[in-house]
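Keeping their order, the protein sequence lines are chains P and Y.
Going letter by letter, the first sequence gives residues 1 to 81 in the working numbering.
Going letter by letter, the second sequence gives residues 1 to 160 in the working numbering.
Any given hint could turn out to be false.
Listed below are several chain Y residues computed to face chain P (Cβ distance under 7 Å; list not exhaustive) [as the list claims (entries may be wrong)]: (1) R8; (2) L12; (3) R14; (4) V33; (5) G35; (6) A39; (7) V44; (8) A45; (9) T67; (10) C105; (11) V156; (12) T159; (13) T160.
Keep in mind that the hints were calculated from the coordinates and are not lab data.
Note that the Cβ used here is the ideal one computed from N, Cα and C, for glycine as well.
As a plain string of letters, each chain reads:
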Amino acid sequence: MNRNRGRLNADETARDHPDVAASLNARIAVVALIILCQLWALTAALDAWLGGDTGAVWWLLGFQVLAFVSALLISRATPRS
Amino acid sequence: MTQESHARERLLDRIREDRLVTRRDYLRLLVTVSGGLVAGTAAVASGIFRDHGAGEGSPKKVADSVTPGESFTFNYPGDDDPAIGVRLEDGALVAYSSVCTHLACAVLWIKESGELECPCHDGLFDVHTGEVLAGPPPRPLPRIELEERTDGIYAVGVTT
């Protein structure tokens, strides 16, 4: 079964048209950038919480949710080969 | 099939058994990490990390009396919030959370230098204000308001 799965994935990779592959690469880069921003937001939230600024923590949580939804939409909109 | 081509086929089979990670897999992985970061921030917002010394507390007797230059320890506002009180040489009474704002080590009163010191990373705090004088602590110590009554010294509140 593993062997078949490996073949399927190899086939999937091989099937990607150059345009599709480029599009996927761009999406990966954008989502990675979003994650970098989220890492900053997490550290900022922890710092704000320990500093007693709970209002800022909720704003940063809102930012995190927006960032996640954006990443989700970007990944869901991936083109099919 | 020659022996050489048979060996080649076996090698290719071994390579195929390792599942290749596609671009789509990477994208799914990144989105999962993104969700994890949202969960982490939600955990911070829900108060999973305790902020020692913060919060409200009802008045509580913490000592009978203390002489100038001496210190005493107590827990306030909660039973898990260690604090330190000091009677200064001028007679003033001050108290702070004794949990260092850097990495939560215990803060000690150094009578000789007249400063509050965190020995873990040489953090120094001003005993008059709780402000950071030196070292890595990012914030001052939460201050505990004390009140002297006829029957002893009471902690009555916290200011951060």
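**Report entry** Hints violated by the structure (numbers, ascending)
**Finding:** Checked against the structure, the hints that fail are numbers 1, 2, 3, 6, 9, 10, 11, 12, while the rest are satisfied.
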